[in-house]
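Please arrange chain H on chain S, whose structure you already have, making use of the hints.
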Amino acid sequence: MVNIKIILLLPLLLLIILMLPKFRRHAMSRLIMIMISLLGIVFVLFPSLSNKLAQYVGVGRGADLIIYLFMVFSFLYNIYLYAKLRMIQQDQTEIIKNIAIQNAKDNRKENERPKE
Amino acid sequence: MTSAIKKNEIFILIPTYNEGEIILNTIEPLIEMGYTVVVIDDCSTDRTAEILKGAPIIYLKHFINLGQGAALQTGLAYSVANNAKYAITFDADGQHNYKEIPSLLAPVIEGKQDITLGTRFKRKEDIAQIPKVRKIILKIAVIVNGVFTGLWLTDAHNGFRAMNAHAMAKIKLKENRMAHASEILTQIKQNKLRYDEIPVKIVYTDYSKMKGQSSLNSINILIDLLLKNIF
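Residue numbers (our numbering), protein chains in the order written: chain S, 1 to 116; chain H, 1001 to 1231.
Hints are computed from structural coordinates only; laboratory data are not their basis.
Ideal Cβ placement from N, Cα and C applies to all residues, glycine included.
Accuracy of the hints is not assured; some may be wrong.
What the hints assert, rightly or not - Capping the alpha-carbon separation at 20 Å, the derived lysine to any residue pairs in SDA-like fashion look like this:
no.: 1; chain 1: S; residue 1: Lys-105; chain 2: H; residue 2: Gly-1146
no.: 2; chain 1: S; residue 1: Lys-105; chain 2: H; residue 2: Pro-1056
no.: 3; chain 1: S; residue 1: Lys-52; chain 2: S; residue 2: Gly-62
no.: 4; chain 1: S; residue 1: Lys-105; chain 2: H; residue 2: Asn-1082
no.: 5; chain 1: S; residue 1: Lys-105; chain 2: H; residue 2: Asn-1018
no.: 6; chain 1: H; residue 1: Lys-1174; chain 2: H; residue 2: Thr-1186
no.: 7; chain 1: H; residue 1: Lys-1170; chain 2: H; residue 2: Glu-1197
no.: 8; chain 1: S; residue 1: Lys-105; chain 2: H; residue 2: Asn-1083
no.: 9; chain 1: H; residue 1: Lys-1112; chain 2: H; residue 2: His-1166
no.: 10; chain 1: H; residue 1: Lys-1174; chain 2: S; residue 2: Gly-62
no.: 11; chain 1: H; residue 1: Lys-1007; chain 2: S; residue 2: Asp-91
no.: 12; chain 1: H; residue 1: Lys-1189; chain 2: H; residue 2: Gly-1146
no.: 13; chain 1: H; residue 1: Lys-1174; chain 2: S; residue 2: Ile-95
no.: 14; chain 1: H; residue 1: Lys-1174; chain 2: H; residue 2: Ile-1064
no.: 15; chain 1: H; residue 1: Lys-1174; chain 2: S; residue 2: Glu-94
no.: 16; chain 1: S; residue 1: Lys-105; chain 2: H; residue 2: Ile-1051
no.: 17; chain 1: S; residue 1: Lys-109; chain 2: H; residue 2: Glu-1009
no.: 18; chain 1: H; residue 1: Lys-1228; chain 2: S; residue 2: Leu-45
no.: 19; chain 1: H; residue 1: Lys-1132; chain 2: H; residue 2: Ser-1208
no.: 20; chain 1: S; residue 1: Lys-84; chain 2: H; residue 2: Lys-1228
no.: 21; chain 1: H; residue 1: Lys-1192; chain 2: H; residue 2: Pro-1107
no.: 22; chain 1: H; residue 1: Lys-1132; chain 2: H; residue 2: Val-1144
no.: 23; chain 1: S; residue 1: Lys-5; chain 2: S; residue 2: Leu-45
no.: 24; chain 1: H; residue 1: Lys-1228; chain 2: S; residue 2: Phe-75
no.: 25; chain 1: S; residue 1: Lys-109; chain 2: H; residue 2: Met-1033
To be verified - Going by beta-carbon spacing under 7 Å, a handful of chain H positions derived as facing chain S:
no.: 26; residue: Pro-1056
no.: 27; residue: Ile-1057
no.: 28; residue: Ile-1058
no.: 29; residue: Lys-1061
no.: 30; residue: Ile-1064
no.: 31; residue: Asn-1065
no.: 32; residue: Leu-1066
no.: 33; residue: Ala-1070
no.: 34; residue: Ile-1109
Unchecked claim - Each pair of labels, with its calculated beta carbon distance range:
no.: 35; chain 1: H; residue 1: Arg-1047; chain 2: S; residue 2: Asn-78; range: 37 to 43 Å
no.: 36; chain 1: H; residue 1: Gln-1190; chain 2: S; residue 2: Asp-106; range: 31 to 37 Å
no.: 37; chain 1: S; residue 1: Ile-17; chain 2: H; residue 2: Leu-1216; range: 45 to 51 Å
Okay, chain S solo, but in the shape it has when bound (with noise of 0.2 Å):
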């Protein structure tokens, strides 16, 4: 039988594996990204320390604290992704704008256009 820890800790390591190359670049959500394995690694490992966690803010049960924390955690990037999907949307709107104009097409005869 698989134990449910390892289940749980190869794709939390994977992540950290995945997140270490070229880690300069983006050096802060990747170090987000590990922080948050690393948690996940610890709570994997020693169940009893989520369950007094949830004691100590109020939560009855370690697991309930997970998803409630999971809940937040989902909400607040929801939000991080609208907000670069609109700048990327504004991009968007931008490029194709500029390729509008560039390939404007001047039907009018020549007479009717404003002299430069």
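Chain H alone, transformed into the frame defined by chain S:
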């Protein structure tokens, strides 16, 4: 209108999306009047491009559909780059009356205003034209706009506007979709543009009612407005 103004220095900006059925009717009188007609085709999937082929206009095309706000911004940027003296924003679906361009533009040409905005709510006969549900939604939109932009007008989302080169250069729309109408108001205020509302008649044809903004879409506009104020 002052005689010194050449008609072809007045750019009529017409964002269009799948209005092939009616676009020629809209632009013909404008061409006749001698205005420079700039159609911004927001990636129409109908025959718009084909239909416009022979028309003596300036044709700009978005190769991805972005929305009316983006199309207007493309038109404005083009106008600035091509030394337009005045720009009019005009709906493709025939809701606006070309005969009202001179009265809308007059305060701008006289140098009294930088931008004028058409309103359906100044003349009794115009108000009578507005469908009932529409009237209520527009009045709510007027309040929402007032709260968000600090500009209290009589009409909202009226796409008929006239502006001078100064306003053209200052207005930079970032809202790709319909919330740009409120964004224009914000930018009027931020850039301290001089503005006024001029009565215009909006023609509610069956076609424009079918193609125009559905009343439900006002909820989408509101959400866009809210998000814009957060990010």
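Take a quick look at whether Lys-1189 (chain H) and Gly-1146 (chain H) sit within 20 Å of each other, Cα to Cα. holds (11 Å)
Within 20 Å, alpha carbon to alpha carbon, are Lys-105 (chain S) and Asn-1018 (chain H)? The given pair, whose Cα atoms are some 19 Å apart, holds under the 20 Å limit.
Tell me if the interface restraint on Ile-1057 (chain H) is satisfied: Cβ within less than 7 Å of some Cβ in chain S. Hint on Ile-1057 (chain H): holds, closest Cβ of chain S at ~6 Å, below 7 Å.
When the nearest CB of chain S is found for Ile-1064 (chain H), is that gap smaller than 7 Å? Because about 6 Å separates Ile-1064 (chain H) from the closest Cβ in chain S, which is inside the 7 Å limit, the hint holds.
Straight-line alpha-carbon gap Lys-1174 (chain H) to Ile-1064 (chain H), limit 20 Å: Since the Cα atoms of Lys-1174 (chain H) and Ile-1064 (chain H) sit roughly 16 Å apart, the hinted pair holds (cutoff 20 Å).
Agreement of hint Ala-1070 (chain H) with chain S interface, Cβ distance less than 7 Å: holds (5 Å)
For Lys-52 (chain S) and Gly-62 (chain S), compute the direct alpha-carbon distance and say whether it is at most 20 Å. Holds - the C-alpha atoms of Gly-62 (chain S) and Lys-52 (chain S) are around 7 Å apart, at most 20 Å.
Compare the distance between the alpha carbons of Lys-1112 (chain H) and His-1166 (chain H) with 20 Å, and conclude whether the hinted pair is satisfied. holds (13 Å)
If you check the beta carbons of Ile-17 (chain S) and Leu-1216 (chain H), does the distance land in 45 to 51 Å? holds (49 Å)
When you take the CB atoms of Gln-1190 (chain H) and Asp-106 (chain S), is the distance between them in 31 to 37 Å? holds (33 Å)
Checking one constraint from the list: CA of Lys-109 (chain S) to CA of Met-1033 (chain H), max 20 Å. Satisfied? holds (15 Å)
When you check the alpha-carbon spacing of Lys-1174 (chain H) and Glu-94 (chain S), does it fall within 20 Å? Within the cut-off at roughly 10 Å; holds.
In this structure, the earlier hints numbered 1, 10, 11, 18, 31 and 34 are contradicted, and the remaining ones agree with it.
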